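Colleague: Read off the chains here:
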Amino acid sequence: MALDDPQARPSEPPDADGPRTSPIDAGVPPFAGDEVLPCGRLLSRVWEQARDAAPVADPHTVTCPHCREAVEGLATVNAAAQALRAEDPPGLQALADRVMNVVRAEIRLGRLLPLADPDRELRIAESAAAKVLRQAADLVPGVRAATCRLVPAGEGADVRVTMALAAALDRPLPDRVDQVRQSVLDSAGRDLGLAVTAVDITVVDVLESWPPLGPGDPTGGGT
Amino acid sequence: MRAAEGDEDSFAVLVQRHNRSLLALARGMLGNPQDAEEAVQDAFVSAWRRLPEYRHSAEFSTWMYRITINRCLTMRRRRRPPPLPLDTVAEPATGDARSQPARSAEQDAATEALSRALAELDAGQRICWILRELQGLPYNEIAHVTRTSEQTVRGRLFRARRSLQEAMGPWR
Numbered sequence: 001m002a003l004d005d006p007q008a009r010p011s012e013p014p015d016a017d018g019p020r021t022s023p024i025d026a027g028v029p030p031f032a033g034d035e036v037l038p039c040g041r042l043l044s045r046v047w048e049q050a051r052d053a054a055p056v057a058d059p060h061t062v063t064c065p066h067c068r069e070a071v072e073g074l075a076t077v078n079a080a081a082q083a084l085r086a087e088d089p090p091g092l093q094a095l096a097d098r099v100m101n102v103v104r105a106e107i108r109l110g111r112l113l114p115l116a117d118p119d120r121e122l123r124i125a126e127s128a129a130a131k132v133l134r135q136a137a138d139l140v141p142g143v144r145a146a147t148c149r150l151v152p153a154g155e156g157a158d159v160r161v162t163m164a165l166a167a168a169l170d171r172p173l174p175d176r177v178d179q180v181r182q183s184v185l186d187s188a189g190r191d192l193g194l195a196v197t198a199v200d201i202t203v204v205d206v207l208e209s210w211p212p213l214g215p216g217d218p219t220g221g222g223t
Numbered sequence: 001m002r003a004a005e006g007d008e009d010s011f012a013v014l015v016q017r018h019n020r021s022l023l024a025l026a027r028g029m030l031g032n033p034q035d036a037e038e039a040v041q042d043a044f045v046s047a048w049r050r051l052p053e054y055r056h057s058a059e060f061s062t063w064m065y066r067i068t069i070n071r072c073l074t075m076r077r078r079r080r081p082p083p084l085p086l087d088t089v090a091e092p093a094t095g096d097a098r099s100q101p102a103r104s105a106e107q108d109a110a111t112e113a114l115s116r117a118l119a120e121l122d123a124g125q126r127i128c129w130i131l132r133e134l135q136g137l138p139y140n141e142i143a144h145v146t147r148t149s150e151q152t153v154r155g156r157l158f159r160a161r162r163s164l165q166e167a168m169g170p171w172r
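Just so you know, the protein sequences line up as chains B and R, in that order.
Position 178, counted from 1, in the first sequence is what the UniProt record's numbering calls 178; the numbers after and before it change by one each time, with no gaps.
Position 140, counted from 1, in the second sequence is what the UniProt record's numbering calls 140; the numbers after and before it change by one each time, with no gaps.
To be clear, the hints were calculated from the coordinates, so they are not data collected in a lab.
All figures in this text were calculated on a predicted structure; none of them were measured in a lab.
Do not rely on the hints blindly, as some may be mistaken.
[What the hints assert, rightly or not] Coverage of chain R stretches by chain B, computed from C-beta distances (three or more under 8 Å per stretch; other residues unrestricted):
#1 17-24
#2 28-37
#3 58-70
#4 112-123
#5 150-163
[Stated by the list, open to error] The calculated label-pair distances, taken between Cβ atoms and stated as ranges, are:
#6 R:Glu-166 x B:Asp-119: 30 to 38 Å
#7 R:Gln-151 x B:Val-132: 50 to 58 Å
#8 R:Gly-124 x B:Arg-120: 19 to 27 Å
#9 B:Pro-141 x R:Arg-20: 55 to 63 Å
#10 R:Ala-58 x B:Pro-212: 56 to 64 Å
#11 B:Val-132 x R:Gln-107: 49 to 57 Å
In this text, a Cβ means the ideal position worked out from N, Cα and C, and glycines have one as well.
Given these sequences and hints, build the entire structure.
Modeller: Take a look at the structure:
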């Protein structure tokens, strides 16, 4: 790292009048706000050289009072920067431990899905989200959710839900499936904050015991 | 890289290897140690989740620099009231056994002043300055991390130095 303090001057005397580069560093475009020193050098170049190159590499900057002054102008910044570099941030090990605790917890939890809040990068375990969405499906009368899988859909935070369920046949299935889809979408957005783009539903079984028997109604039938 | 295949022990090695420099970067960008730790922790966790996307086209460190910088920029956007009330500024790092041998109060204050001046810089300039002056990255690597040209990096560095020099004027 070329991070040595530029104030450290070379101990050996510079070559008397080394080859002078042409005024206004040839071929080097100045930056906005740059300045040509009275010696013809660009301020930006002088600062760069002071930080990047060994001072002896360019004898001019060692002998030239203007360049010296320019470099000394940055001395306070450089000294404070050196102090900043030397600061050993506390808690490095604690930080590494916290990171690895999160990583290991995620490995135990299984797949994590992004919530629709990209700034915070919040995640939810697929198993937890699936449980909530199965309950949302169960809220629809005449339906019992069997399985629920969630997979990320494309880039961003979009998620696709695939669900299998058992449904009663006392009403047309398409209506009931639409109700389930709506209930799942509502719950995903409201309860979880998941951006669900699609809910694929398969009816895999018939719910025979529907409508359920009322507790005080041994003969069956609705109330 | 085995970490990319879900080997958490390999990832732990990477965390140990890079957390010091990333923390320094985040500290420079955010100006306070608590936010910096949060940013670096989030950056590592995010990197772990995105490891399957990590292509070996970039160095891991370059990739991590980018993630950390983005994290810091997001945190700054959401940030609460302006940083560093003056009375908390001089508080030394809490009881760290490895903290520096007594630095002069004046130097502490100058360092704080530099941190504050840094916080005032435009984000692009601040990032370039930190990567160059605190991390010692060469221009081409800074250009790679920030997805710009070396010429842009050098221009930003110049303007950063100029602003910092002016801000540090009273300390000369």
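Colleague: A separate judgement is required for each hint: does it hold in the structure or not?
Modeller: Comparing the hints with the structure gives:
no.: 1; hint: 17-24; in the structure: holds (count 4)
no.: 2; hint: 28-37; in the structure: holds (count 4)
no.: 3; hint: 58-70; in the structure: violated (count 0)
no.: 4; hint: 112-123; in the structure: holds (count 3)
no.: 5; hint: 150-163; in the structure: holds (count 8)
no.: 6; hint: R:Glu-166 x B:Asp-119: 30 to 38 Å; in the structure: holds (34 Å)
no.: 7; hint: R:Gln-151 x B:Val-132: 50 to 58 Å; in the structure: holds (53 Å)
no.: 8; hint: R:Gly-124 x B:Arg-120: 19 to 27 Å; in the structure: holds (24 Å)
no.: 9; hint: B:Pro-141 x R:Arg-20: 55 to 63 Å; in the structure: holds (59 Å)
no.: 10; hint: R:Ala-58 x B:Pro-212: 56 to 64 Å; in the structure: holds (60 Å)
no.: 11; hint: B:Val-132 x R:Gln-107: 49 to 57 Å; in the structure: holds (55 Å)
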